[in-house]
Each structure stands twice: as C-alpha cells, then as structure tokens.
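Participant: Listed below, chain by chain, are the residues.
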Amino acid sequence: MAELALSTVRTRRRALPAGIAVPAIVVALYVVAAIAGPMLLGFDPVATSLANRLKPPMSVLADGSLSLLGTDAVGRDLLAQMLAGARISLTVGAATLLLASLIGVALGVAAGYWGGWIDAILMRVADIQLGFPSILLAVLVAAVVGPSLTNVVLVLAVTRWVVFARVARAQTLSVKARTFVDASRTLGASDLHIIVNCILPALVAPILVVATVQFGLVIVAEASLSFLGLGLPVGIPTWGGTISAGRNYLANAWWISTMPGIALSILVICVGILGDTLRDRLDPNLVTR
Amino acid sequence: MKHVSKGALKRTVQGLALAAALVLPAAAWAQPAEVLRIANPVAVTSLDTYGAQSADQPTIAVMQQVLEPLVTRQDGELQPLLAESWENPDELTWRFHLREGITFADGSALTSADVQASLQRLIDGAGPLSGLWAAVAAIETPDPLTVDIKTSTRLGTVLSNLSMLGIAPAAALEDPDFFTAPFGTGPYQVAAFTPSQFVALERNPEYRGDPAPTARLEYRYIPEVSGRITALENNEIDITWGLPPDQVEQVRSSQSLTVESFPTYGNYYMWYNSSREPFTDARVRQAMWHAVDMEEIKAFLFEGTAEVARGPIPLDVFGAAEQAPYAYDPDRARQLLAEAGYPNGFSTTMMWSSQCCTNIREFAETLISYWAAVGVQVTPQELERATWLENLLALNWDSTLAEGNTITGDADFTLARLYLSSANRMGYANPELDELLLAARAEIDQTRRAELYAEAGRIIWEEAVGIFPLDMMMHAVYRNEVTGFVPTPTGMPRFDTVSKQ
Chain D
1 MAELALSTVR TRRRALPAGI AVPAIVVALY VVAAIAGPML LGFDPVATSL ANRLKPPMSV
61 LADGSLSLLG TDAVGRDLLA QMLAGARISL TVGAATLLLA SLIGVALGVA AGYWGGWIDA
121 ILMRVADIQL GFPSILLAVL VAAVVGPSLT NVVLVLAVTR WVVFARVARA QTLSVKARTF
181 VDASRTLGAS DLHIIVNCIL PALVAPILVV ATVQFGLVIV AEASLSFLGL GLPVGIPTWG
241 GTISAGRNYL ANAWWISTMP GIALSILVIC VGILGDTLRD RLDPNLVTR
Chain P
1 MKHVSKGALK RTVQGLALAA ALVLPAAAWA QPAEVLRIAN PVAVTSLDTY GAQSADQPTI
61 AVMQQVLEPL VTRQDGELQP LLAESWENPD ELTWRFHLRE GITFADGSAL TSADVQASLQ
121 RLIDGAGPLS GLWAAVAAIE TPDPLTVDIK TSTRLGTVLS NLSMLGIAPA AALEDPDFFT
181 APFGTGPYQV AAFTPSQFVA LERNPEYRGD PAPTARLEYR YIPEVSGRIT ALENNEIDIT
241 WGLPPDQVEQ VRSSQSLTVE SFPTYGNYYM WYNSSREPFT DARVRQAMWH AVDMEEIKAF
301 LFEGTAEVAR GPIPLDVFGA AEQAPYAYDP DRARQLLAEA GYPNGFSTTM MWSSQCCTNI
361 REFAETLISY WAAVGVQVTP QELERATWLE NLLALNWDST LAEGNTITGD ADFTLARLYL
421 SSANRMGYAN PELDELLLAA RAEIDQTRRA ELYAEAGRII WEEAVGIFPL DMMMHAVYRN
481 EVTGFVPTPT GMPRFDTVSK Q
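Sequences listed follow chains D and P, in order.
Counted the way this note's numbering counts, the first sequence spans residues 1 to 289.
Counted the way this note's numbering counts, the second sequence spans residues 1 to 501.
Hints may be right or wrong, so weigh each one.
To be verified - So, partial list: chain P residues that the calculated Cβ filter (under 10 Å) puts toward chain D: (1) 297; (2) 368; (3) 377.
What the hints assert, rightly or not - What follows is a set of in silico ranges between Cβ atoms, one per label pair, in the way DEER data are often shown: (4) D:135 - P:462: 43 to 53 Å; (5) P:88 - D:47: 57 to 67 Å; (6) D:51 - P:444: 34 to 44 Å; (7) P:432 - D:66: 50 to 60 Å; (8) D:261 - P:250: 33 to 43 Å; (9) P:296 - D:127: 51 to 61 Å; (10) D:25 - P:254: 27 to 37 Å; (11) P:304 - D:250: 12 to 22 Å; (12) D:252 - P:146: 56 to 66 Å; (13) D:250 - P:324: 37 to 47 Å; (14) P:254 - D:127: 51 to 61 Å.
It should be emphasised that the hints constitute simulated quantities derived from the structure, not laboratory data.
Just so you know, even glycine gets a beta-carbon here, dropped at the ideal spot from N, CA and C.
Here chain P stands alone, though its shape is the one from the complex:
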C-alpha cells in the first residue's frame, strides 16, 4: 500500500487552499456592469472648480457631471439648464429665472443664494476664469428664484461665461472639506477622491432627470500612453481618450476596441514674443509662416487627428471666421526676411512643454527644419511643464509652441483673454485690436459680437501674432461593450449617457 506521508498530505491541502484563495477573490473582482472604469490622460489634481483649477480641463471634465450651470452649450447654441429663461431689463443687468423644484444631492433646494455664492466664489478665487467676470458690480437675489447680475459696463459674454460656472450649495461652499467629496444638482456626486490618482463618482439619487445608465464611474490616472492601451486591451479599463495619432492607428486594428474621432474647440498655436527682436516686425513673423508646409505636416504627423487651421480659433467656436491661408512659399519667406533686414536669416529659440500635446516634439523638430531651410536657426528648448509655464507667464521666451482649447466655445475666451495688450501674454500690442475685442465683449447683440470677433481674428491672423497650424480632433477609445458615448467638442468627455453590457 502506498504510504502518503503526513507532510505530503498537509502540503497538498495547503496548496489547494492557496489555489482556492487565489481564484475566489478573482471571481469576486469580476467587474459588475455597474462600474465604468475610465483612464484619464492628465491627472486630476483638485476638484475645486472655483479657484486656480477653474480652467483646468481634467478638473472640469469630472466636475461637469456633478455641478450644473445655468445655461449650457449644445450644438453651438446656448440652452437653458438650471435657468429656464433670462432677459436684460437694462443694458447693465442680466436677469435669470431659475427652474422650480431643483434639489441638490443632500436634499436642499436650489435657490438664487446658491447662484450668488457660486459666482462670488469664482470671482474671489482669482483663478484663470475670474477675469471673465471683471465687469461684475453686484450679484443680487430679488427672490429665491431670480438672480440679477449687474455689471459696471456692458458685458456680452455673460451667457457663455455662465456655461462654465457650476452651481454648488451656498452652505457647502463654506465647508473647507467640501471639495474632497463635492455634490451638486448633476447626475453624479463624488464618492471618493485621491488627488492625481483616483476619482469615483456615484449616481445622485436626487437628480431630477433620468438616472445615469452607469451607477459608478471610476477615473484612474495612467500617464503612459502605452500603459493605457495595454490596460484597455487587458480589460482593466473600459474607456480613455487623448491618444496620439500613431497609437490610434495601432488601436484601430484591435478586435476588442472601438475608436471614435471628433472635432474639438482645441488647436495648436505657436506664439512669437512680439516684444523681442526680430519678432517686432510683422514681415519676419509672416515669413516664418510661409516657410512651413502645413499640409505635409498634417498629412504625415497628424493624419486623421487634425485639420489645417483656417483661423486663429477653430471654426466651430462662436465668433470664429475663416481667413486667407498662408501658402507654403519658401521664396516669399526669404524675400520677406530680406525686406525686414535679415537676408541671411537669424537665430532664435523655441520652447515647449515636454508632455504637453500630441506629437509635440516631432512637430517642433519638423518646424525647425523648415525654418532652417530659409536661414532661420531655431534652438529647441524642451522644458518641464512647470518651468515652461513659469517662463511663459514671465514672457521669458522667444517663441513657444503649445495647444489651446476654447473651452467655453466662445471666441472671447481665447481672443480677448489672451490677445488684449493688457493681458500681456505674448508682447503684442495693437490699439485697434484692443478696441475691437473690448467692444465685442461689451456687445449684447450676439450677431454683432460675432462680426467684431471675426474682424479681430483677421487682424491676429494677418499680423501673424502667432502661427496657427492645426485644429485638433480628439480620439476616444473604448471597449466594444461600451455604448452611448457622445463626443463633446470641448474635448472634455462626459459619461452620463454611457453604459456597459
């Protein structure tokens, strides 16, 4: 008879127990269809949309599902949301009537005091969006469902600015810990938040509309593109966005993934520091634009991901207009340089932020090689984002390459905020341009506003304040089980229509 030693029996039992222990939790971890696992390409560092992160796209992308604004931009038009109607009793007052019966996730009712507190908080926060409200003199609440925004000068941008203001409960805004787990009137509320790593959203039971299809959203930050793609293919995450074009091609051939590409309000821009030689001369700036073959760049580096820009902001943005394109003409470039006094070219530098944008290093190197062909020697400076931002704001650069996004969908957000000489963002000062931009901001008639911005855009384009090469599309990639994804032109995806089978 075969003798089985006590030791061998014990080890076998232990081995089986270990195997069972490994298998059972894996079975428990099998994701229920009630959780959508999202990988965001840029880390969410804060959920406070009223302070320094008020224009931060990762923050807004999450919080737009938690806090709702008074009006929202849909299909290019501004639609009522928390406000059901509005009027201008006089040209310095905007009056909004709130919908009745809306409650926050904690059960408290939405009143005009909440709108007043939210807007005041944004203004006091002195963040990037507070400058949009500089003309506000007072916010009044004549009754619980009416808000009056009184301005010191006429302000035509109130509606589009309001589309960026989420309304939070006034009482909660007093709480310093509110933004660790904020809630609002939106379809979701924040359940958990670890800065720069993880955000979890759960359905808001008090939401007045249909409940969102997915009960829980989990955002994870995976910095490397290859890491995100691997996680998608291994069913560790369900959806991500912001993939560079070369990786998008690789993903298109995958059997289990779907790619959705859509135009956005975002574009690439290259700025000259117009307060420094030789960029004080418009001919030099125009020459460098003529020296670049944008069509070839788009065909090779950005196929399916960008279109050659036809204006300083994408044409879908309110107030954008098509401009006359700069032809690829190196001879004209050399001629302009000679006219400006640089027949043998000159040397300068260009800086950019290393992890900023799609294919930025390849793009920069290609631009530099085109400029070298007409005699302009550009030294590349690839910097860490924090250093780049510091240099940018201090005007300590010759030229810079970056991506911008007109997140309000309104030309004022980009053209007025950045190109007014008082903003001093790139050293360009043109009194005619300032006049146009200020008039457009104050104009209450939206049609006339659009005309004024079109004219301002023409000046910026023809004076070559910068080179505006490409309007960017965005790619969202998700597993085939995911349905209901609706692209947002702001480039900040929403998931309150998304479900998983």
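Chain D extracted, bound-state conformation:
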C-alpha cells in the first residue's frame, strides 16, 4: 500500500507537500545536530567554569569565545549542553521505539493471528496497563530501578508497547480475513510464511505512523523523567535535566530552562505534524485522499 502511494507521487511528479517536507527537514536537522554537533562543539560534563556562570545569550566568555545561548549555573555553555542532550534524547527515543515496536508488533501479530486465549490474555494485559497514566507508571518503575540509560529505555518501552500491539493486532485481523491469505494457506504456506510475507508488509504504513507520533511522546516522557530526577543520572546532559536545573533561575537566568524547552517543543511539534501528515497520506481508508 505504502509503495503504491509513493510511486503514484513519483509518476505524477508532484512535489512533496509542505506538510511533510518542512517537518521532515526540521527533524533531519535535529538528527544531524545530534550526530555532528557534539563533535564540533564538545561538551565536557565535568568541567565547570565559575567565572562564566549565568551569562546571557550572545555574551563573550572569559576566554574570548562567544556563547550563543548563554551559560548555565556552573558556567558550561548551554548550546553544547543542548547538542549533547539532543544526542541523548534522540538515542533514547529511537531505542525506545525500536524496543517498543518489536515487542508490540510481535505480541499484536500473535494476538491477532492466533486469536483465542493468547489474544484474550494479551489484550487484557494491555487494557490493564492502559488504565495507568503512562507517566505515572514510568515514574513508579524508574523510582524503583534507579537512574541509568538502559533503565530509562526499558521503562519507556514498557509504557509504549501497547499502542503498537493494538495497531498490529487490528491490521493483522483485517489482513488475515483477505482472500489472498486464504489462497496462500490453501497452497500450503506455513504460518510463518504468511506472517512474514502477507501480514508484515501491511503493517509497515500504520506502524510507521504510530511510531512518528509516539516518538514525540517518548522524548517528552524522557524529559519529564529527567526533570523529576528519575531519568538519567546527574552528569549526563539531557534536555529535561537542563530544564530542571534552570528552574530556580527563571527570574535571573531564564535561558537555562527556556532554550532546551523551545528546542524540545519544536522537535515534538514537527514530529507530530509529520506523523499526522503521513497518516493522512498512507491511510487507504481516508476519503479525503
């Protein structure tokens, strides 16, 4: 389905609409900044420079360099901190999504394909988990297991797999009922063959849409955990941690909290718009297409 839509676009030589192009470019810029930024503008989480503390954006530091976004409470450059934090946030986001989607798709396909008690148990577990607000669940688990990168990824993946499972299950159920699947089964195709060749390709588009939306939510969830002090340990720069550290300085050094906050907001908005537009373009059931 997805390939059909994109190939149609290509043959008609229609430019990608602004709804996809602009947010995609912005997100790509963030990814590039996260990968290349810390290499160009190194950030040392240990080194402090008290003489440079709480300097506003565009000020010249004691060693003559220009600080574009200002410095924090111990004199570290905010832009460097944000670039390092971008790397962490995007890594956590990608890893969480990968893990959550793998778990969710596997469980969702299993529930949808085989049905019966597997379906019943898995979906009830999913329902129970959805009963908790996800951030509360994340805080609870994080407070127990303690701060570390792997723990944060695990915690967030645990709160996110349900959406993937439900979408995968719904899509599996609808594809499973199609004639071509019956035909394959009649010809002797094994369950695995049907899943891999018939069902999984149909999942690509909806899972992609869900993934883009969840990406934004995961990044905000990680920032929330770090803000509360339950995410990554002190010493690893994260956007949430930087925002939290700046909260006592809102009146005299507003940039410490505001700059990462703006960066976070723009990323999440673009990811959200991207997800929305992708869903509009790839959903075969939408009449407006």
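Add chain P to chain D, keeping to what the hints say.
Facilitator: Chain P only, in chain D's frame:
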C-alpha cells in the same frame, strides 16, 4: 421607550450580586496586622520535640516559642531562663533552682516534676538528642522548685544540652494528643497544626513576660523558592528565610522587601568514608582538599552567603578554634596522591541529597571538576533525601556532601556526637581523638572544655576527616511593614519580637 426585557434585568441583578459577593469576602480577607504569615522553607512534620524530631530544625523553630528551657544561649553565653540558678554539690550532680510563680498556658504551676518528666521523655524517646544524656543515672526532685540531675560519670555538657530541652507539663505529656496542639510556658501556644502544611500559634495569655507583639503566627510550607518569593511580593506572606544566594540578589532589588543576612552555627561539610579505600590514607584526603579553590567557589557561588571555613565548626560555636587553612595547590595535591600510591588518580563517588542545601548541585559539580583536574574521577550521585539518609547511616557511600548545624551552639553537639569512633558515622577511628572528646564531655570547667575541643578540632581538620569548605550565613526576607526581627545564629528564626504595621 426602550424595552428592557425581564431576562436582561434579571441577569444584570445576578451579575451585580455576583460582583458584590466576590468583592466583600476579599475585603473581609484583608489581613489584620494581628497575623504574621510565615513561609517555612522545610516542612514541619511533627511538633513532638522529645522523639525522632528532637533535632529537627523545622520542629524546633516552631516549638521554641511554645516550650521554654531551663537555660538559654544568648550572645554565646548561657543565661538562666526557667531556672534562676544552679550549682554542682558534687561532681556527679547538677542542681537547678526553678523560678517561682511560673505557670503553663493552662494555668498549672511549673514544678520540678515537669522538668523531670520532660527530660525523662527525651531520654526515653531514643531520638537524636537522647544520646546527649546517656550519662544520666537519675533525675530527682527534692522539692517542687529544685531538680537534681545525677550522672554516672562527669558530664560537662549539661547546661548546653538543657538549652535544647523545652519543659512541658508532666500531666500533658501523658496525653497522646498533646502534640497536636501543645502548650507550655512560652509566649505562644499552638492553635492549629496540619502536618507538613500549616501551623498556627496564638499568644499564651498566662505568659509571665510582655505579650508578644503579634497575636497570631501562621506558618505555611511553600516548597519552591520561586513560589515563596512570589508570595512575598504579592503580599500573601510576610516573612521567609533560607533563600539561596542567587535568589537573594534578585530580592535585594525589590522595593517592597527587606533582606537581612546573618551568620549561623551552620556549615557545609564533605565527609570521606574513611573505612574505604583509598580514603583510609590521610594523604589522599588532604590531597583532595588542596585540589579545590575554596575562595573562588565562595566568590562565585556563595557571595554574601558564606565564608570560607576556618575550622570544622563555625568559630562562634563554643569550643571552636581557628585552624591552619588548606591552600589551593593542585601540584601539592598530585604530589600527595603520588606519595599515597595513586599517581594516576583513582575513581570514586560522591552522594548528596537533592533538595538539601543552598546551591548543592552546583557546588558538587564544581568540586568534581576540581578533582578531575588532579586525576580523581568522582561520579556524582544525587539522591532523594530518604535514600541519602539511609545510605548515610548504613555507611554505604564513598563520600558525601551535606550541611550541618550545631544547634546547641556547643562543640560537643557536632564534634562528639559525630566524630567519636563509637558513633561510626564516617568510618574514622582515632583513639587519641576519642579520648579528647570524652574528656571534654566530662569536663565541668568550661574553659578547660573549650581547650580540649579546640585540640579535637585540630586533629579532625589536619587529618582531613572531611573537607570543611564553608560557614553558612542565612538570609531572612520580609516585607517592609515587618519590624523587630532578631536573627538567631542557630538558623531557626523566632517571631516573638516581630510586629507588622
């Protein structure tokens, strides 16, 4: 003629009634000058000063206006309060003569039985202060105005310990609900108490001295610093204290607020777990101290809020003495580390409690960067207070950063309570130090006591049992209408002299 519909008329009347209803209560809420609204920076969880909260500063800060002790520390000297005189009939007995005619807020007279019950309750409570009274063998009441405290060994700290013991009525101490609305001989009594949120104090009509200028004190707990400052500026509260230095600067420029800064008995300390490698070696501990430029830290992070410490306890405390400062010398630090067998440095951790103290995270990060410059890699561990306290008491840490307060104003409270090897608070055991501290505690001659504590302080400082970076000042901030605030070096403010115009 313009027709005004019935509906429009009805709505207008309703609107006016609503507006009136909103305005009138606001007029009624206009605070009379008889209420002082206080925002405390740390929550008051209990008013029981005899149990687990006996050393808890928020609890003591409120209850010091309700219960009075036998002696009180003023201007560094111990003055009689409920007791008018005392003597030592022999070296194991302290005899106190109570003033005549003092009554509690319920009208009952103060007698020696109340003193006996209060002290016994503190000892039985097994809280942080009960250890100060471990040498007490018996409390006797030969007559209603005389109390004998008999000790099994000589105890020189009785007077300063008594300054922390509020006297409550013996009969009331039997009542399990007494501490929901306690009263005593002090200028105020507790009118209302919601743990961790609200305490209200009202004038004690039976108080023997001049009535306090303000009839009612209301304490509210506002956890966020910015919230307290906003409440002050919006005239929702009148006074608060314990602001971090950066926020104090912001408040100084305000037209409606006054800042008062004063030295306290409190200080920052960093402890090494001396029972763990590599902190078993004094050279390593000293090296890390030499690696830090304390003057620069004080100038940038604590200007106007702290002084570089000159001893393990602030010099105003009885028994403190000035020591030789540790110069900022990274080369000497590296040399000491090499001598101790760590030429390439080593790795360790430092823990602290997140909401503990002024600028603690910035301070910790700065210390860590100084240590990294001499090759010592320290991993930061910022913990919730409950977890930090648990780890601290279980000695499950390499090093820790915290603030301490010698609330009695007497060196024994900090030096003996924490640095005796039997206390096992940081894994440091030195028989010479133990001997000095125990001798100082038993010494009845106060001058000799001071000398012994000075010597003990010298050992603690030179052995670098910890790093003692800063002596802390405190900032109280109040609206310009508030007058009469007198700072207390214990860092626990009193409001029985404060009034509002």
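Participant: Against each hint, give a clear statement of whether it holds in the structure.
Facilitator: Hints and how they fare:
1. 297: holds, 7 Å
2. 368: holds, 6 Å
3. 377: Given a least distance of 8 Å, the restraint on residue 377 of chain P holds.
4. D:135 - P:462: 43 to 53 Å: holds, 51 Å
5. P:88 - D:47: 57 to 67 Å: Because 59 Å falls inside the window, the suggested range holds.
6. D:51 - P:444: 34 to 44 Å: Taking Cβ atoms as reference, residue 51 of chain D and residue 444 of chain P lie about 52 Å apart, which means the hint is violated.
7. P:432 - D:66: 50 to 60 Å: At roughly 56 Å between Cβ atoms, residue 66 of chain D and residue 432 of chain P fall inside 50 to 60 Å, so the hint holds.
8. D:261 - P:250: 33 to 43 Å: violated, 20 Å
9. P:296 - D:127: 51 to 61 Å: Given a distance of about 58 Å, which is inside 51 to 61 Å, the answer is holds.
10. D:25 - P:254: 27 to 37 Å: violated, 46 Å
11. P:304 - D:250: 12 to 22 Å: holds, 21 Å
12. D:252 - P:146: 56 to 66 Å: Holds - the Cβ-Cβ distance for residue 252 of chain D and residue 146 of chain P, about 58 Å, lies within 56 to 66 Å.
13. D:250 - P:324: 37 to 47 Å: Holds, at about 42 Å.
14. P:254 - D:127: 51 to 61 Å: holds, 54 Å
Hint compliance for this structure: hints 6, 8 and 10 are not met, and every other hint is.
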